[in-house]
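Participant: Take a look at the letters that make up each chain.
Protein chains: 2
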Amino acid sequence: MSDYVKSKQAGCVGLVKTKKAVLFSESESLLLESGRSLCFVEVAYETYGKLNAERDNAVLVCHALTGDAHVAGYHHEDDRKPGWWNDIVGPGKAIDTEKYFVVCSNVLGGCKGTTGPSSVNPETGKPWGLTFPVFTIEDIVKVQKQLVEHLGVDCLLGVVGGSLGGMQVLEWAIRYPDKVKAALAIATTTRLGAQSIAFDAVGRNAILADGGFQGGEYAGGEGPQRGLAIARMIGHITYLSEESMHLKFGRSLRHADQYRYDFDSEFSVETYLDYQGQSFVDRFDANSYLYLTKAMDYYDLAARFGSLEKAFAEVQADVMVMSFSSDWLFTPRQSRDIVDAMLSQGKRVTYCEVDSPYGHDAFLLEANVVGRLIGGFLKRAAEGSVPGIEEVHQPYRQDPAVDTPWTKMRVDYDRIEELIVPGSSVLDIGSGRGELLHRLIVRRGVVGLGVEVNQDDICNSVELGIPVVDLDVETELGSFGDGSFDYVVLSHTLQTLGRVEPVIEQMLRIGKKCIISFPNFAYWRPRLQMMLGGRTPVSASLPFEWHDTPNIRFVTISDFVRFCRRQGIEILQQIPMVTRDRAAVRLWPNLRAEEVIFVVSRAGIER
Amino acid sequence: MSDYVKSKQAGCVGLVKTKKAVLFSESESLLLESGRSLCFVEVAYETYGKLNAERDNAVLVCHALTGDAHVAGYHHEDDRKPGWWNDIVGPGKAIDTEKYFVVCSNVLGGCKGTTGPSSVNPETGKPWGLTFPVFTIEDIVKVQKQLVEHLGVDCLLGVVGGSLGGMQVLEWAIRYPDKVKAALAIATTTRLGAQSIAFDAVGRNAILADGGFQGGEYAGGEGPQRGLAIARMIGHITYLSEESMHLKFGRSLRHADQYRYDFDSEFSVETYLDYQGQSFVDRFDANSYLYLTKAMDYYDLAARFGSLEKAFAEVQADVMVMSFSSDWLFTPRQSRDIVDAMLSQGKRVTYCEVDSPYGHDAFLLEANVVGRLIGGFLKRAAEGSVPGIEEVHQPYRQDPAVDTPWTKMRVDYDRIEELIVPGSSVLDIGSGRGELLHRLIVRRGVVGLGVEVNQDDICNSVELGIPVVDLDVETELGSFGDGSFDYVVLSHTLQTLGRVEPVIEQMLRIGKKCIISFPNFAYWRPRLQMMLGGRTPVSASLPFEWHDTPNIRFVTISDFVRFCRRQGIEILQQIPMVTRDRAAVRLWPNLRAEEVIFVVSRAGIER
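The listed protein sequences correspond, in order, to chains A and B.
Quick note: the first sequence uses my numbering, first residue 8, plus one each step.
Quick note: the second sequence uses my numbering, first residue 8, plus one each step.
The shape of chain A in the complex, shown without the other chains:
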């Protein structure tokens, strides 16, 4: 049974063809960012699924440096490999070809059917080579826009891409703000750092230094095979992580268990790179490699617009940013810069740093998590609303591994819901699976955003349609703008914080009002337990032993009131409660309340 036949059973788009369209010609040429223009641009592309009657289900996939239009399915029945993102694109998959009309085109300057330096210059009748004009990511996207219009699509449901593809996604969201509902920028950056430029430069150097390069006019000849292979090897190292290379190859030797004491390739990783380099030479054009890496090096949104904030000022799309923990080419930090700038502009952005050992290539390999995030995000963009509470199977955490009597009794959620003015904006610090925000969005019509680090919780929130950003509560709240939310909520998290003051300081800066709930350590039961038993208290609201509790701050109502007074924090409301009674406590709250909700704000702030 061929792979193609097997694939038909597993939700594959099946046999597909690459199509071509001439999008720019002498009558309407493409003006490039460099000032030069191209009077003939043909584009190779593939489509899967059907454009619906409303023409609002189109998803554009943007490929990376060495990818092409062939995203999914097979070109021939005996093809050994499907398209490059077959795990993600297909019927029933994350980018579901039964729901969406999926489009992918080979980029401008590529060598897989779209006009590039290996194409013939109509004016000379010879291949362009280095006379092809240098182009940018903006130019690539302008050509895609023309293709999308050509296919009858005015507004895209989604634009999705990783690496160089992610740059195109950002460019779409910036350049055509009203033409993109959901923008998913994966493992990408708004500008390469010095190290990435350095790797690109060395690769280009290797091509240019190869005697076979002939100033780029190698068509018909051998071409700069060794130089291109070396460039590919360098690139390939940067796509993998140290860990994944170690797991894949370690120090194993290819053909022997003893050293050869010569200069042939003998470590497995050497022969692997030889193979990668050689097979790349067979499928890729050296000039295209020069042009495309240069386009990546040139991309710099902050320089172009004055700042990243200004670059994103007009974005209207819902944005998802995804990075990978071991990606050292386009690092999580670089994705965070995108997220920070979006947040500062009040944009709807969701961010997840996916935990993966696979380095930059993880966006191609971590199909499960990547698919879950893309699928959930596109589904919510298509449906345009969050599901009702009754539709959600498990609104509360039911995982027996982490379940405690306490997490089942979140009476503070009801109270917090009552405290929040309908239609306001809410930032939930430590938002978990999104239960509280889901309630607030459905019942109080708030604009909500969660902060969470647990990957599964983030996926769950995305599937509920709740925006969430993967930030460290204790160190990364600086990402949010001053007074950017009506409410900032910290529910039953205060007592677990390593750094209390900085977190509360940030909350007061970000929120017009802050809602903070925590178990009261001065409740009479733990007090008596301590006084008479001489042991650190264990109770329903403090259900852990001293040595394994996540609660590392023992704070009482009195402590918190005193803290607020000292820090100049205004207490707007104070709701001491007994958990089981779900009742507020009026008399002697510090003694009689099991838990408490404070509404506070920076004294003197305008609300």
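Just to be clear, a hint being listed does not mean it is correct.
Since the list gives no way to pick out one identical chain from another, each pair is judged satisfied if it fits inside one copy or across any two copies.
Cut-off 25 Å, straight-line C-alpha distance, at most; resulting in silico cross-link-like pairs (SDA-like, lysine to any residue) [said to hold, decoys possible]:
| no. | residue 1 | residue 2 |
| --- | --- | --- |
| 1 | Lys255 | Ser333 |
| 2 | Lys317 | Ser259 |
| 3 | Lys317 | Leu254 |
| 4 | Lys106 | Gly391 |
| 5 | Lys255 | Trp335 |
| 6 | Lys255 | Arg343 |
| 7 | Lys133 | Asp269 |
| 8 | Lys133 | Asp271 |
| 9 | Lys57 | Ala374 |
Hints are computed from structural coordinates only; laboratory data are not their basis.
Because the structure is a prediction, the values reported are computed rather than measured.
Starting from the known structure of chain A, fit chain B onto it as the hints suggest.
Facilitator: Chain B alone, transformed into the frame defined by chain A:
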């Protein structure tokens, strides 16, 4: 004023000369690990300082891949640059040429005076080129041993080196265990990982693919200039960190503030690499580059001996291992592997991961910390004892920034000192500046080792002659062998631990007895404060507010006793104390004791 003249005022060795010695000849040839032999080896070397009458003050410095024998001083009065480690080696410096006789030689196979592939093969009268035998780190060290003997030195006080030099240090300690007192292996590894081999392989590929290489017989011709430059560029990227490249270059352009839209080098980082590549071609031989990188790739102590533990089994030297936080070529993890294997063999090892943004090159750039660690370590090796307590200026922490009433009243130290049997071995978890271990070493004659993460504290311990390893207390105690210490001490640290159980579990595994001291949270003062005031207690022994205390575990004597019972931990001794009285408390200890010392062990263990 020339740099040379200026340098004379700043503790420089001044004008120096590279000397030469023929160490192997036809009568006594060098047998290589590959099985081949060399019947003529000449070595280029420099020496500074004087060998003393006892001939026990010689320090061998081993250079890295592209270094040479010229470590310090100037060759000519108008030299623009001094030797490559002039910051570390010189009169009054870390490797003090007024005290030590310092030797450094160009490695076998190098191109700076020692016999290598660019030397003339006496049999053919032509340069060796690729007919030079492939050699290994072992071979390099065999030649150094011959040189050291030639200079009249039987036993080295120290062997010091970074990167490839560090491999030589390890090799010295293994191969000549009774000839090295102190071995300092810096920014090195016992074997390259797949990623490092990959970078080396691509560099070699670039050289071999260059038309100018001519099978290695390029003497007289141009040679593989472009290939060697590319290899150097790749290497150079791996020596810097992403952060240091970013700080140094960012995305700045060399000659313009606008893109050129062509393929000339225009980013500063590109022109810098061009320069690095070009200047390297002028000073280094391509064949040497092939041979030396191959020697590094081949180095693999675990494979050679069966395991790292076996490799280090015979080591007698005091070992210092140093790594740098941002070094991604030879990572801190790789240094940790050395340390772990040494510890498991009961070797005397000190380890510091120096915090630095400079990547692998940090061993050349972080002269302050590196110098402090090398200087302190060599000084103690030369003196052979720790200083007396009265000699030490500040035996107790006197830093006002961290000083608290509590740290001034460490009465538990006196008690712990009494508990420890003279001459036993002690592991101090969280050893700080080494005060307790210093007391125990001087007064009780123990063999001590500290675990600490604070860099300044580690430097202080090294200067006191106290071995210390830079490990995370909560996650990295697995490095120590079962029952490898008579005592494991955790003094006033329990209450700050995020993970209590795993740490105590490890302590019980490592130590025959464990000594654990902590403030008793059930002491009557905090109890009353809590009972009556309803606030989390603040007292002399618990001097912090709830929100900024490092004490995140509130543990009482009763809690700890109960914990021990549940975990099957045997309590051998229990010393409740009142801090000011320095007296043991007999009656109602959980109520009346301010702090407590427990001596515990795993029940049933043989002591």
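Participant: For Lys133 and Asp269, with the copy left unspecified, which applies at a CA distance of at most 25 Å: within, between, both, or neither?
Facilitator: This pair counts as between: shortest inter-copy Cα distance 20 Å, intra-copy 44 Å.
Participant: How would you label the pair Lys106, Gly391 (within, between, both, or neither) given a Cα cut-off of 25 Å?
Facilitator: Within one copy, since 15 Å is at most 25 Å while 77 Å is not.
Participant: At 25 Å max between alpha carbons, let me know whether Lys255 reaches Trp335 within a copy, between copies, both or neither.
Facilitator: both (18 Å within a copy, 19 Å between copies)
Participant: With 25 Å as the alpha-carbon cut-off, assign the pair Lys317 and Leu254 to within, between, both or neither.
Facilitator: between (42 Å within a copy, 24 Å between copies)
Participant: Using 25 Å as the alpha-carbon threshold, which applies to Lys57 and Ala374: within, between, both, or neither?
Facilitator: within (24 Å within a copy, 65 Å between copies)
Participant: Indicate which option fits the pair Lys255, Arg343 if close means a Cα-Cα distance not exceeding 25 Å: within, between, both or neither.
Facilitator: Answer is between: at 22 Å across copies they meet the 25 Å cutoff, but 29 Å inside does not.
Participant: When no copy is specified for Lys317 and Ser259, does a C-alpha distance of 25 Å or less occur within a copy, between copies, both, or neither?
Facilitator: Cα proximity of Lys317 and Ser259: across copies only (20 Å, versus 50 Å in one copy).
Participant: With identical chains, the pair Lys255 and Ser333 could be close in the same copy or across copies; at 25 Å between alpha carbons, which is it: within, between, both, or neither?
Facilitator: For Lys255 and Ser333, the Cα distance is within 25 Å both inside one copy (15 Å) and across copies (24 Å).
Participant: Checking Lys133 and Asp271: alpha-carbon separation at most 25 Å within a copy, between copies, both or neither?
Facilitator: between (39 Å within a copy, 24 Å between copies)
Every hint, counting from the list given before, is met by this structure.
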